[in-house]
Each structure stands twice: as C-alpha cells, then as structure tokens.
Amino acid sequence: MTKTGINRDYSHTPAVDQVGVEERCARFATRSIKKETKVQGLKLILNMIDLTTLEGKDTEGKVKQMCYKATHLHDILPGLPNTAAVCVYPSMVKIAKEALKNTSVKVASVATAFPSGQSTREIKIADTKFAVDHGADEIDMVISRGEFLKGNYNFVLDEIATIKEACGKARLKVIFETGELSTLDNVRRASEIAIDAGADFIKTSTGKISPAATMPVTLVMLEAIRDHYYKTGVMIGMKPAGGISTAKAALHYLVMVKETLGTAWLSNEWFRFGASSLANDVLMQLMKEATGVYQSSDYFSKD
Amino acid sequence: MARIEVLKTYKIYIGGAFPRTESGRYYPLHDQAGKLIANVCLSSRKDFRNAVVSARGAFGGWSSRAAFNRSQILYRIAEMLESRKAQFIQELIQQGSTPKAAETEVNLSVDRLVYYAGWCDKYQQVFSAVNPVATAHFNFSVPEPMGVVSIIAAQETGLISLINAVASVIAGGNTCVVLASESKPLCAVTFAEVLNSSDVPGGVVNILTGKVSELYTHFANHMDVNATVYYGADDNVIKTIQELATLNVKRVFIHNEGNGSSVDAQIPYHILDTQEIKTTWHPIENIGASGGKY
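Residue numbers (this note's numbering), protein chains in the order written: chain Y, 735 to 1037; chain P, 788 to 1081.
So here's chain Y without its partners, still in its complex pose:
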C-alpha cells in the first residue's frame, strides 16, 4: 500500500500524438505580439521568472547579488515588477530568505538530491526538511527517473507524496527532467503521477541536461493539467525550466498557456519560468521598446 492510498495502473495513460503536438507548437510561434501588448507580455514574463542559480560554485555573495537583482531588475526603467522567486540550493535558502525579507519575492529551493535524485528516501526527506526549516516557500524536487523508466510508477508516486508531506506549507514543484524521459508518452505519464501525488506545480527540467524545456514537452504537460482541471476543478501550476533564454520564446510560451489553459493561469501563482539569462533578454527588449534602440548586454547587470 502506498502513502497516497492510490495504487493506480499508470501503464495506460493517454498516448500523445507527437506530430500533432509539434504542429500545434509551431502555430503558437506564429502569433504576432507587438507594441503595448508586447510590453505587457514582457512585464508579465519578468513577474513569472524564478531567477535561478544552481551551480557548485555558488557563494553567499552570488546569491545575495541575485536576490538584489530579483527586486531591482533594471532600475533605470521605472515600473518593472519583481521576479516571482529566486531558486537556489538548500544551503543558500537562509541567505536568500534574509536578503529578500519584506519583499514579494519567494524563495524556492531545489531538494531531494538535485539534480540526479540518486539518493535514499531518508536523505531526500532530510534535504527537503532542511530547506523548509530555513524558510523556503517552495520546493523543487526531482523524481527518480531510473525508477520511472523501469516502470516502477508507484514508487515515483509514493516518493512525491512523501516529499509533499515533508514540505508542509511550502508549495511543491515536481521536476521530471523530461530530457531523460525520452518520449512524450512518458512526459504525460509522469505528469499524471505527479498530479495524483499532490504536486502543486509540475516542472520540465533541472536545466542541467539538454534538451531542457521545449514547447512540445510543455504543451503535453499543460494538457495533462487541463485534463485534471476538467476532471476535478483543481488547478496545478506549470514551470518550464532551462533553455528558454529569449523574450520571443517566452512570449510563445505565454501564448501556449493562454490558448491551452486560459487566462486564469497567466499569473505567477500558476505559471513560472525557470531561467537565469531570460530576464536580461526581456529587459533588453523592454528597453528597446522604451528607447527605440537595440540594446547591448554590456549595459545590463550580469547576475
């Protein structure tokens, strides 16, 4: 018996029409978003970003600097929002939390032996609790891809449910690392498992392996969210992460969310971008709209 009491057979989740999905995604990229609409879209994107640094070389200084950036994206341009959150390793949660007190920016922490997830259940729980105890508002966990690919779906379900319990009040994002799941059918299956296990958000990738977030993968996950919503009325959030580095691509993602899930999802409560370099490209586009002149990265803070 599993923790959730669910012991579903996940071997027959809906099959995905890959050609259809790719064609649909190609169409999202044809929407023309210009001028004021574009500016609104870009500001919304900034407000949906989980500004991320997940590197072995991260230091307190780097994290503090990023936290400052989260609340001061580009001070020369008035009226910019904050990012939704910053995303750091558990050891940096305390520093980020301190740096961001009295702001709207949440602190998200990866946990569960990120990015590989190759560890024991106890360690993953401890990792999660450590982050939550230090004040993380959100937890980004990775699933055990090895178990998933072996067909051990209920192991994955149980694992997510366990971590959800360890999260307490923190919202749980479940990372599939879709680049390792090989098929869209698997992505759909993982989505259903995570949603059943109590995920608040489902997330494409760690950003550590390529391909990370792609439009087809995101669409499949959005459709799983939509089907769940139709069935139960419960909203689940979505976070594509890794590989989205241009404002234009991010706008295409917004179009996809709007046309798949509707406007209710167009806020950082339900949709996030996991990115580090996206923010600067969006800022450069906003400055381009404001000044009429193409921008250079030389004039934007790096971190």
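Be aware that a few hints might be false.
What the hints assert, rightly or not - Using 25 Å as the maximum straight-line C-alpha spacing, the simulated BS3-like pairs for lysine-lysine come out as follows: (1) P/K1065 x Y/K1022; (2) Y/K768 x P/K833; (3) P/K833 x Y/K769.
Unchecked claim - Chain Y side only, calculated, beta carbon under 8 Å to chain P, not exhaustive: (4) V1027; (5) Y1028; (6) Q1029; (7) S1030; (8) F1034.
Since the hints were derived computationally from the structure, they do not count as laboratory data.
All C-beta atoms in this analysis are idealised placements derived from N, C-alpha and C, irrespective of residue type, glycine included.
Following the hints, position chain P against chain Y.
Relative to the frame of chain Y, chain P by itself:
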C-alpha cells in the same frame, strides 16, 4: 529544346548562413539596357539586428584566434576569390563595368586581401609601444579590437570597396556587419559565398543588401555596435551617424572621399582605426635602486 535558365537567388549573409531578408522585401536590379538581372533582398532593421547578434557571438572566437591564423584565413579568402575571378568579372560587367575595368577591380580586390592578410600578425608589433614612465612600472600599450563594427560600404564600386572596408576591420580581430552598394550588390553576395568557403567562422562578416537611407540610423544607434564606418559623402547621413553614435560613444569613421579602389587606399592605419589602445601599468621592482646587480 532550349534549356531553362537557372538563375541565382541573391540572398543576404548572416551568421554563416544565407537567409532571405526577414521582411520578405526585394528590389529589382537592372542592367544598363534595362533588362532585369536579379531581385535583390531589401534588408530591414531586423536583419541588421540579427546580423549584430551573429557578429557579437562570433567576436570572442575571432578576436582570440592567433593573429597568424587570422592571417592564414584572410589569405585563404584571397585564394578563393582568385579561383572565382571569372564569375566576379562577369557580374561586374553585368552591373555596368567595362571588361578591362572589371578585371582590374577583381585583381585589386584579391591583392587587397593578401595585403591585409600580411598585416594580421604584424600591426600589433608596429603599433604597440613600451612607454617610459617615471614610476616603478613596466608600462606598455597594445591595440585591441573594438568589437562589432557596422560598415556602410561605398556605393560606386561593387567589390573592391566592400573588400577594402571589410578586410582591414577583420584583420584586426573585429567582426562586422556590412551594407553592400545598393546599385551594385551582386558581387557582395557572391563574395559571401567566397567567405563561406574560406574557413571564416560564421558571423565574422555579415553582408546585407538594401538601402542606405533605410538602414544607416540603425547602423549608428545600435547599442551593441562598437564602431561605425561610413564610406560616402552625404552630409546629412554623416551628421546623423555622428549624433546617434553618441548613444554608446561608438567610434565613427567617415571616408567621404575615395572608395578604396586606389592602391594608395591600402594602409595599416585602417586596421588601427578599429582598434582601441590598451595601456597596462605593471608594477615592477625598481631594479638597480638598491644597488644590486642582476
């Protein structure tokens, strides 16, 4: 049965690829008899933007190459051009040159490339200096490439002016976006094919075709362009370029007489145009001050 003519589509050159202009616009090019030679891309500001992104991306690799290797690559361009001389001569004739003038221009172009190929690994020694200073410092100055250079090539000639403008800029480790002559664009596009087969990394030279009047403001105000070179004598254009360049204090070089076609136009100072001089103050022990000997 008469064979159907196979006409070349003249496209632009961005990042080592030959896209059509994103705007989908074109202008017809006629020979002196009024016969249509080709439809040529009318590049837009977005093509320019894409080209600058490519040039910026290529800058790190190109500028950090060994000078000798850049020299080899420039020489390779000359070799490739030499082997396709006939095609360039024919295109110049199509665009109104006499056969003799066309041949002279192509020869001059090849020679110009060889000239700057030779300078690639020499200008740094010639223009560098060890400076005498009064403090305990080893003080030296070296030229370094500026970065991305936007170039508006001369209008009167189709090939030599383009090559003259580009060669000195890339010899010094810069990358560039160049707007070809509006009335004589064919050789520029064919030259892109030469570049493409000469081990020149994609993005080092990006070639656009179109109207100066539509593009010059963007060439001058793009924040990610470090220098603008203008070959022409239109006072309004010159004034506007100089004004817009102040946005990010980019360097501006105006060549309002001569289009680079004379042999005198080849001088190493053209390389120096798009170089910044970096001076280094390196603290040293004041040798000899203590009376010690080495």
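Here is what the structure says about each hint:
{"no.": "1", "hint": "P/K1065 x Y/K1022", "result": "violated (31 Å)"}
{"no.": "2", "hint": "Y/K768 x P/K833", "result": "holds (14 Å)"}
{"no.": "3", "hint": "P/K833 x Y/K769", "result": "holds (15 Å)"}
{"no.": "4", "hint": "V1027", "result": "holds (5 Å)"}
{"no.": "5", "hint": "Y1028", "result": "holds (5 Å)"}
{"no.": "6", "hint": "Q1029", "result": "holds (5 Å)"}
{"no.": "7", "hint": "S1030", "result": "holds (3 Å)"}
{"no.": "8", "hint": "F1034", "result": "violated (10 Å)"}
Checked against the numbered hints listed earlier, the structure breaks hints 1, 8; every other hint is satisfied.
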